[in-house]
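S.K.: The whole structure should be built from the sequences, with the hints applied where relevant.
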Amino acid sequence: MGKKFKNVSEMVSGLAKDAKFKKETVETIKKQGLAKFLFFLRCDQKLTQKELAERIGCSQGRVSKIESSQDEELGVKDLLDYGNALNLQLQFGYRDKSPKRTDLVKYHAIKIKQYFDELVNLAEKDEEMIKGLAKFHIEGIFNITGMIAESLTKLKKKLPKTMTKEAIHISAPLQDKLSTIEQPLKVKEKVKA
Amino acid sequence: MQNWNIETTDKFDRSFAKYEKKHPEELKFVLNNLDTYHKTLNTLGHPLNVKAGFIHSHYPKGIKSIDQKGGQQKTKLRQTRLYVFPDCNTRMLWYLIIGDKSSQKQDIKFCVEFVKRLIKKGR
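Just so you know, the sequences run in chain order A and B.
Going by my numbering, the first residue of the first sequence is number 9, and it counts up by one from there.
Going by my numbering, the first residue of the second sequence is number 19, and it counts up by one from there.
Quick list of in silico lysine to any residue cross-link-like pairs, SDA-like style, CA-CA up to 25 Å:
| hint | chain 1 | residue 1 | chain 2 | residue 2 |
| --- | --- | --- | --- | --- |
| 1 | B | LYS69 | A | GLY69 |
| 2 | B | LYS29 | A | SER21 |
| 3 | A | LYS164 | B | GLN20 |
For the chain A half of the interface with chain B, some residues (derived, Cβ under 8 Å), not all of them:
| hint | residue |
| --- | --- |
| 4 | GLY10 |
| 5 | LYS11 |
| 6 | LYS12 |
| 7 | PHE13 |
| 8 | LYS14 |
| 9 | ASN15 |
| 10 | MET19 |
| 11 | VAL20 |
| 12 | PHE48 |
| 13 | CYS51 |
| 14 | SER76 |
Hints are computed from structural coordinates only; laboratory data are not their basis.
Here a beta-carbon is modelled for each residue, glycine too, at the ideal position from N, C-alpha and C.
M.R.: So, in structure tokens, the structure goes:
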């Protein structure tokens, strides 16, 4: 039997002998991240390049060119056209180049909290809506807790036996940390006043 | 969703070495398309959902091939096919062999026999 890999770049690094070829291939793959994402979005909606071109109002050649472009060659218009044709909203943002996975989990947890808060604010006096949202909250507790539990079960298999009885430090949520940063600023404002 | 892992055959490893030496440009474009296929497969989950001009699915036993089309090719590249088998039961993407028009018949024969053996072994 041959060898096992997690992705194509890893396979190229493992099999290629020529350093120049290895570098060029991995770089080509890296430079097309956006185009690959646009390709995925089209596949997700089960559209052919021709069908998407019709929705955008351009030639199939343009769609083909977009999907094989390097990131630096793509324009905002290309991204907007894909968004409009696939009924998706384009959002821009920056983040650290190599964020910690734990920080990403915290970030998304805070986002989830925000969305739940928004849902609660939406429910004014409509009894049916309040009931529905309450059910959705309970569903959320089960599903999200279940996901974390599943991950922990996998991790427990790797955990050394000595570790299982150690106390765990639970850090404050990021939002609490932010509020402690904001507070001193408020104090300063009061002093000025 | 669990990611698709990759496993190569010995024949794939040998054909990879041959193409790296003799047709590196073709191999580079095929590998880029293969990366697009693998990433999309990871997100969409099922091979039937991934359709593109560079993916050919007209082979028996669920075998597919990825070609060199797309990208900015400076010269006209020769037709190259990288044969894969997405095993939905184990979520393993097998890289079977790389070949061209002249070896197409033997390549497909090898792929079909390999997949048959794989299924017989119970994967």
